[in-house]
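Note that the working numbering gives residue 393 to position 338 of the sequence shown, counting from 1, and the numbers run on in steps of one.
Keep in mind that the hints were calculated from the coordinates and are not lab data. Please read all numbers here as calculations on a predicted model, not as lab measurements. Incorrect hints may appear among the rest.
[As the list claims (entries may be wrong)] SDA-like, lysine to any residue: derived pairs with alpha carbons at most 20 angstroms apart:
no.: 1; residue 1: K282; residue 2: S312
no.: 2; residue 1: K414; residue 2: E390
no.: 3; residue 1: K174; residue 2: I136
no.: 4; residue 1: K167; residue 2: S126
no.: 5; residue 1: K400; residue 2: M412
no.: 6; residue 1: K330; residue 2: M368
no.: 7; residue 1: K204; residue 2: N331
no.: 8; residue 1: K204; residue 2: N238
no.: 9; residue 1: K350; residue 2: D298
no.: 10; residue 1: K381; residue 2: R344
no.: 11; residue 1: K243; residue 2: R277
no.: 12; residue 1: K139; residue 2: D170
no.: 13; residue 1: K183; residue 2: K204
no.: 14; residue 1: K127; residue 2: H138
no.: 15; residue 1: K204; residue 2: T172
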Amino acid sequence: MLENFNSKNDVEVGQNCLSQLVPVFPVADNYAEVHESLSPKIYLDKTEAIKDFDQECKTDESKHEIDKKISKYLNNAQILIKHKDYNLALNLLREACNRNSYHPQTLKLLAKCLDETAKTQEAIIAYKALVKVDYGFESLVGFGNALYKVGQDQDALEKYFEALASLTQEHSDLFEIYKNMGNIYVRKGDFEAAEEYYNKAYTLNNHSDVLLINFGTLEVQRNDFEKALYCFRKAVEINPESDKAWVGLAMVHSQLSDTELAWANLETALEINPKNRTAVHLAANWGHRDQRLDKAISALVNLLGTVEVDEDMSLVLINLFCMSGKYDFAELEIERVLAWNPDQKEVKDLQRKLIKMRKRG
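Could you put together the complete structure from these sequences and hints?
Shown next as structure tokens:
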């Protein structure tokens, strides 16, 4: 048997079989160079060895020095963030990023500060960099929230789903995620999905007036005004100072043709928050509809008294002044708007009409 196996033919057959089982690796042309780079360097000269060792120590010290500086920037930035001094914190965090643009903690704090200072588009860039080095639940949620704020609903939804997929245990952010996902689905017109996520949020917190307002808005979209009324009333019970809940009640009572109650709810909302633009718009529309121009004018004057300029609302007020025959007030508001924006075409047209009316009079 051994003699037969050692025959030339059998050896060739055996080699052929082995070549099929064992992968053949190509030999690099620069084998000597590769071998040398992988092998430890052998020093024949003591001076050269000491020189290389000193160089490696300097490199390690330099890295350590950079890490120490980043750590110092982060510690100081966290103190500033604690005292809500976000702009100063941003300066330190940008310095830290200049030293290491992939440092997860730096990017996390940077995104937070940008978010807090309403620099949401910049925050999105920071979060985009962050999830590349820290693809975790909190990073993904922050990214999703930033996208949600700027109305990038589909992108926000994707990040929320990624965050939920990465979650291994209950988290305090889940309520906000489910609520936001419900809001996105309402805007998409997918009311079934919206209700599903609102219900998930409700199981986590059934005493949120904000969530009940969202439920009420969903029922208004479905034209189920009785359910909407229940939701808005529950929201007011939980938080009587919720101007949005009072606006919701006002809209539903208006739909149910209860004009007096609708106005009462609307006035309550405006007392709580004169800057609620939805409430002011309703006051303007209903004031014209119900011949209650003085109430509408009052709501607009109060709103405009809280802002430097709001051309859209000023235009509505000018029209209401004209409807009520208060042309002098209309002209004053026109001049105020044109002082800010001399090229405002609609206001200029109104000014020309008023001048013609005065000439005819």
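Hints versus structure:
{"no.": "1", "hint": "K282 with S312", "verdict": "16 angstroms, holds"}
{"no.": "2", "hint": "K414 with E390", "verdict": "18 angstroms, holds"}
{"no.": "3", "hint": "K174 with I136", "verdict": "15 angstroms, holds"}
{"no.": "4", "hint": "K167 with S126", "verdict": "17 angstroms, holds"}
{"no.": "5", "hint": "K400 with M412", "verdict": "19 angstroms, holds"}
{"no.": "6", "hint": "K330 with M368", "verdict": "11 angstroms, holds"}
{"no.": "7", "hint": "K204 with N331", "verdict": "18 angstroms, holds"}
{"no.": "8", "hint": "K204 with N238", "verdict": "12 angstroms, holds"}
{"no.": "9", "hint": "K350 with D298", "verdict": "17 angstroms, holds"}
{"no.": "10", "hint": "K381 with R344", "verdict": "18 angstroms, holds"}
{"no.": "11", "hint": "K243 with R277", "verdict": "13 angstroms, holds"}
{"no.": "12", "hint": "K139 with D170", "verdict": "12 angstroms, holds"}
{"no.": "13", "hint": "K183 with K204", "verdict": "15 angstroms, holds"}
{"no.": "14", "hint": "K127 with H138", "verdict": "17 angstroms, holds"}
{"no.": "15", "hint": "K204 with T172", "verdict": "13 angstroms, holds"}
The structure meets every hint from the earlier list without exception.
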